[in-house]
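Chemist: What follows is each chain in one-letter form.
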Amino acid sequence: MEEGNSIIYGLEHQTRALSPQYGESDAIRFLIGTQSLKPNSNQIHVVELEEDTGALHTKVFKHDIGEVWHLRCSPHDAATLLTTHNSYDPNTSQCTMGVTLYKLPTVEVIPKDLDDLSAIQSRNAEDMELLTTIKPEGEEEIRCAEWHPTDASRVGVVCAGGVRVYDVTGGELSRVSAAPRLKLANGKWNPHQGHSQFAVLQDMHIKCYDTRSDCTKPAWSIDNAHTQLARDLDFNPNRQFHVASAGDDAALKIWDYRNGKEPIFNRTDHSHWVWTVRYNTYHEQLLLTGSSDARALLTAAASVCVDQDDDGKRLTQVLEDGVLQSYEQHEDSVYCAEWSAAEPWTFASLSYDARLVLSRVPRHFKYKILL
Amino acid sequence: MAEAKEKEENPLDIDGSNFNPDMYLDCLLKCATLKQVMDKEAEVVTQSQFLQSEMQTLVYENYNKFISATETVRKMRTDFKIMQEEMNKLSDNMNKITSFSAQISDSLRESGNNVSRLCGTRQLLDKLQFLFLLPSQLNKAIEEGRYTDAVHDYTHAQRVLQKYGNQPSFQSIQTECSEIIYGLKKTLRERLLSPETSASDLAESVGLLRQLQETDSSLQDIFLSCSESRLDQHLQGLSAMVESTDIIEWVEKCNNTLLADLGIIVSCYHEMFQDKENTNIPDFGDKIMLQVFHLFEEVVKRPDNIGTEILIRGLDKFFRKLQAMTEIISSDTMSNKAIDVVIQCINHKATIQYQSIQTQFKESLTKVRQSLASKGTDTTDLKDILNSLQVYLMQKVQASLLDLMAFLQNNLSFGLKTWCAKAVADTCWKVVSETMINLSDMVKKLACLQTSNNNIPFELLLILAKLCLEMQESGVSTLHTHLQKLLEESAPGLTVENKDTNSVMVHLSTAAQAALDSEVVFIGQTAAQMLRVSVLARDWLRAPEPRGPRAVCRRVVETLASADSAASQLFPTSIKPSSDSSRRTIWSRAPSSFSPLNRIFSERIEVFSPAGADRAALSNGALKVALKSLVECVRLRTFGRHGLQQLQVDVHFLQQRLSCMGNDERLLNALLEDALASAQLRCVDPQLMEPSIVDIICERG
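Chains as they are written, first to last, in numbering that gives the first Met the number 0: chain A, 0 to 370; chain B, 0 to 700.
No lab work stands behind these hints: they were computed from the structure. Just so you know, not all the hints are guaranteed correct.
Said to hold, decoys possible - Partial list, derived from the structure: chain B residues whose beta carbon lies under 7 angstroms from chain A:
(1) Glu85
(2) Thr244
(3) Val606
(4) Phe607
Please read all numbers here as calculations on a predicted model, not as lab measurements. C-beta: ideal position from N, C-alpha, C; glycine also.
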């Protein structure tokens, strides 16, 4: 992957689910789920980037349970993943949603020998091992499912009307109901604060609930975080009070949620709704956003990530705030963008027209940060 | 002559000198007859006889004369003898007189010396008496307060006393005198320090002390510190007056007390010390004047003194006095400061002007906002509102420019100065530019507010955007020429130097852009919100067969149309299609053939992009925002067959109704087709209706 050149991988069906393989620390691997209403046509693609050669290797698994709306790999086990899916039953003419845990038969993607190679080239979809399916009661729409950051047996599920925490065996542990009038759009575990807080996006607001109690009152909240619908949020991996959010006002904002009145960082660089925002796990000043203006933007928020040294002096800020690079290889809305879990400078962005683009942070920015 | 000569030489002429008797006789005897000879003889005889007698008479006469002369000489001889005797007598007498006079002068010399000695003694005695009387004289003078006389006397005597001071008789006088003078000095110093003494008394005292040979520098210090304390009192009085009086009264008081005293002090100082280096006075003056200026600034800032006329009159008086003072003090800082004061006043006035323009404009804007909120768009003429706002703003600015011209009146002490004219020109321009910048900032703030809360009517944003553009196009230059005309009248020859109109223009245009963008986003978002809510709330999977376009589509069309008509009132329709539609390649895919490949040939649609300042561009912008959200929302849903068909009807309806707005039909079609294609993808049973049926349903609905 040369400087400025991205690698493009195309799929057959529409896509809006992407996840890096969190449990993998060596290979740059992403998982993609397809979205098709045709029965038995959905797949999970595992894409691995061979760093040395820049070659792309893929493996395809069947996902016959329905179209994939959301996909998360387990941070505890590289082979386990979690899909949020929807399927249409023509007999009852109804859609049912659910969350299913799968286990991949193997995490290896790069062929070892010729047999492997031919198997992959024929692109025969393999089967995955279905571990559990969680079906919430009623017909509530499920927005996404998130692994608990430390407890491998727990899963948080965001439904339109509230957050539930399930055991991996399918038992409901606790639920937090938000105000019924405003539906939830997305949510995430707070990786800090003892791993018991779950933050959700409700209309224009960000609210964070403690999952240990059934309390309907949020532990903290940022009201009117966006002037339109809020679409995504991500916690700063290193600073426990910083959270980034994105929404329909095309803005990317970073908040210190102890003081949720004004964002500490605010940029409007996209020209339509921003659907996803991700902190770089290694370099918190790098943020990745995907938007329905068919762009992925790499933004630096260096000014809010400046540390103070022992004398209380601010260490010098390496990067200027603002967009470092705009990635324009997509032709349709970018709903997902994810950093690689294994390599700090590589990321993937996925657009609705089933195009995965693997890109890199430009080298001069990388050197600026490292040196 | 020749005849006379001839006659003379004629030897025959009896009367001639060359007469030759023989020749004459011969001639006569030869020529004449006897008778003639006889007659001749007779004639000659008579003539001879006559001559004889005449000669006799003459001789006799001469003799007589001789005789008388002899007699006279004899008489003279006797007279001279008498004279001689008289002369001798005279010379004797003269000798006697000389000797007498010498005797007299000898005898008088002695007494004359005596007299002059006596005179000298008397003078000496007089002086001595003066000396002996000096102490009492001094006392008397001091008691009566005639310090000047006392000092005058003392300085006279001082020299003598110094010379003969070692003699015992004078010693006592000297000590007595110096004691008195010491006392005098003390009283003078006391008088210096006492606050009641006037400036002239003060100057007198210091002058006296100086004559009494106090050292200059210490005196200068005392003098200045005393004056300062006195001036401080004035300052205190003046600062107490700041709150209670108007500017004219204050300036008069200041001129009469503080500045007058300062003038006296300074001129006395120069007179007395002849300070060549001139070190102290400028510092001193500056120190005092700094406080005066400070107080003056406070006075100017008081709300009572806002009126231009009163301010200018007060300022004029003050400046006149200051100019007079400058000549006395002759300090550059002071004259500069005086100019500064005037310029500051002008600036202050200008600041008040544009601030008041701003607040008044804000008020009128609030009124407009209320009237817009209470009435619908159809009933209000936006152009009227725009015009009234524009005229109002222009008039306010022009009025304040005119007001500022009052500083250039000819009868003012500073009215004709070039620096003043320049300052007025600068501040006038500042009023113009600040007003424009304030306007832009206000518009930007409103535009910013608009995105966070929806209280501001979008018509207001349109009006303000247009106002900014109008100002940018013509308003600023009109004001500029107006200003130049005013300046030409008040101060001929002065022009507004190349003012930075560009930055003002940039401010205005960015504000207009912000307002337009905000309007477009607002309208677009309003429509988008309706579409989003309606799409997300509906159960498309189990939707009934379509009977007509959904009500929300009508509302969306109405919203967009009302914005379009409002925009059409203010922004002209440009006929030529917008540039991005001409660049766009043909969008020709059938709604059913969704494929990534097609997108490669279509241009990227920037949804939240800067809006152009014409009706079509504004509508395009709003359309984009609304329809793009429809696409995105459709993709989040699952459609049944009838749901898809309902959407097909909706899309068709929107296409029909919206195509008259904006000028970019391809953009509209692209977005609507995208929406339909997305719905097809999200449909479990993707069967579209016949276009003819869709037409019928749309018309029926």
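Chemist: With reference to the structure, classify each hint as holding or not holding.
Modeler: Results of checking the hints against the structure:
no.: 1; hint: Glu85; in the structure: violated, 139 angstroms
no.: 2; hint: Thr244; in the structure: violated, 48 angstroms
no.: 3; hint: Val606; in the structure: holds, 4 angstroms
no.: 4; hint: Phe607; in the structure: holds, 5 angstroms
Hints 1 and 2 from the earlier list are contradicted by this structure; the remaining hints agree with it.
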